[in-house]
Amino acid sequence: MAELVKRHEEQIIEKEKECLVRLTQRDDVNRVTFNELRNLVNRQQRMIVKRTRHSF
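Taking the numbering used here, the leading residue of the sequence shown gets 26, the next gets one more, and so forth.
None of these hints come from the bench; they were simulated from the model.
Keep in mind it's a predicted model, so treat the numbers as computed, not measured.
Keep in mind that a hint or two might mislead.
[To be verified] Have a look at the derived ranges for each label pair, beta carbon to beta carbon: (1) L29 to T58: 24 to 32 Å; (2) L62 to K31: 43 to 51 Å; (3) V66 to K40: 35 to 43 Å; (4) H33 to Q70: 51 to 59 Å; (5) R63 to V30: 46 to 54 Å; (6) E28 to N67: 54 to 62 Å; (7) Q50 to H79: 40 to 48 Å; (8) K31 to N55: 32 to 40 Å; (9) R56 to S80: 31 to 39 Å; (10) K40 to H79: 55 to 63 Å.
Virtual Cβ for every residue (Gly too), placed ideally from N, Cα, C.
All chains, please: the whole structure from these sequences, using the hints.
Pasting the structure below:
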């Protein structure tokens, strides 16, 4: 019985590790996506500023 409980605990720990890895990967993707979006917005803002300066 104790061996069964131990095995079950090991399975839970393994699943938790897998979850943590997936969450970490998702965080990395989100960070990259956020940085790309921020860079895109910054570029667009610079273009808008350049256009408005040239129109005056």
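Status of the hints after comparison with the structure:
1. L29 to T58: 24 to 32 Å: Violated, since L29 and T58 (Cβ atoms, about 43 Å apart) do not stay within the stated range.
2. L62 to K31: 43 to 51 Å: For L62 and K31 the Cβ distance comes to about 46 Å; the hint holds.
3. V66 to K40: 35 to 43 Å: 38 Å, holds
4. H33 to Q70: 51 to 59 Å: 55 Å, holds
5. R63 to V30: 46 to 54 Å: Taking Cβ atoms as reference, R63 and V30 lie about 49 Å apart, which means the hint holds.
6. E28 to N67: 54 to 62 Å: 58 Å, holds
7. Q50 to H79: 40 to 48 Å: 44 Å, holds
8. K31 to N55: 32 to 40 Å: 36 Å, holds
9. R56 to S80: 31 to 39 Å: Given range 31 to 39 Å: holds, Cβ gap about 36 Å.
10. K40 to H79: 55 to 63 Å: Since the Cβ atoms of K40 and H79 sit about 58 Å apart, the hinted range of 55 to 63 Å holds.
In this structure, the one hint that does not hold is number 1.
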